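Take these sequences, add in the hints, and give me the full structure.
The UniProt record's numbering puts the first residue of the sequence shown at 1, with every later residue one more than the last.
In short, the hints are calculated from the structure, not lab data. None of these values were measured; they are calculated from a predicted model. All the given hints hold, so there is nothing to weed out.
Derived CB-CB ranges, DEER-like: (1) Glu103 / Glu75: 22 to 30 Å; (2) Arg225 / Arg102: 19 to 27 Å; (3) Gln124 / Pro81: 41 to 49 Å.
For every residue, glycine included, the Cβ atom is placed at its ideal position computed from N, Cα and C.
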Amino acid sequence: MFTLHHSPFSVASQKVRLALAEKQLEWNDRIVDLLGGEHLSETFRRLNARAEVPVLEHEGLVLTESWFICEYLDEAFPQVPLMPVAPADRYAARQWNHWIDRELHHASGVVTWAVLARPLLMQQSPGTVSGLLQAIPDESVRAWRRSVLEHGLDAPELKRCIDRYRAFFARMEAQLGDAHAWLAGPSCSLADLAALPYVMRAEHVGLGGLMSFEAHPNVRAWYMRMLTRPSMQPSFVRYLDPQLQEVMTSLVVAAQPKLEQLMRQAG
1 MFTLHHSPFS VASQKVRLAL AEKQLEWNDR IVDLLGGEHL SETFRRLNAR
51 AEVPVLEHEG LVLTESWFIC EYLDEAFPQV PLMPVAPADR YAARQWNHWI
101 DRELHHASGV VTWAVLARPL LMQQSPGTVS GLLQAIPDES VRAWRRSVLE
151 HGLDAPELKR CIDRYRAFFA RMEAQLGDAH AWLAGPSCSL ADLAALPYVM
201 RAEHVGLGGL MSFEAHPNVR AWYMRMLTRP SMQPSFVRYL DPQLQEVMTS
251 LVVAAQPKLE QLMRQAG
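Below, the structure written as structure tokens:
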């Protein structure tokens with residue numbers, strides 16, 4: 001049995017849950033409260049010194065970094081393969097994940113913090129928020145989160161992050177080619193599982209307009225096929241909290257006018 005230390009709203013956690021579910025593997029939940037700073041505690045940092053989710057425990061192993069966890073699962077449990085067979089397609093899958101990690105993960109974090117996390121954190125005392133910031137081990141992460149907390153939707157990082165999302169959808173549309181294609185090879189692979197959480201996040205924070213049906217028909221077709229896969233129920237749907245979803249929806253609605261303005265300016 002696996003023990004997964006994760007957050008329902010972490011895109012990296014979603015990637016690993018999708019891989020586990022696609023392989024029909026069961027896991028025990030250890031939910032980590034990111035807004036409360038649980039990942040910054042000494043207890044959690046004994047599992048991962050970088051203070052990042054997810055962490056997967058399996059037979060005495062402590063596994064970190066979402067892509068490496070997914071590749072471990074694919075090699076350890078090959079009955080439902082998630083990496084393509086052809087070397088060129090395997091290369092493409094790894095390239096997709098590398099590009100997402102390098103170009104998009106930061107952008108997703110900035111937008112998520114600006115739209116969702118900041119309004120919730122601002123309800124806490126300044127001393128508590130300052131303590132959470134100071135505990136972040138990565139100085140660059142600490143800097144952009146401080147900027148977003150100070151400026152909100154006017155944070156200077158936000159426009160560039162929206163541009164990165166726009167480039168992501170353009171790249172996906174070109175790669176997919178038609179309404180029945182996958183990102184790497186002839187079937188759903190780890191490349192698709194790596195991309196899906198970021199596409200969902202764009203929709204959930206109010207950036208869905210960047211992948212319009214008119215300009216991105218293949219992305220939209222791919223997205224609908226991904227959302228209807230059986231793995232969505234155990235990996236994502238069962239973690240939805242209706243009350244929290246209502247709060248998140250209200251935050252996105254409040255942010256939408258500014259986001260629309262930024263989307264018109266970006267590009």
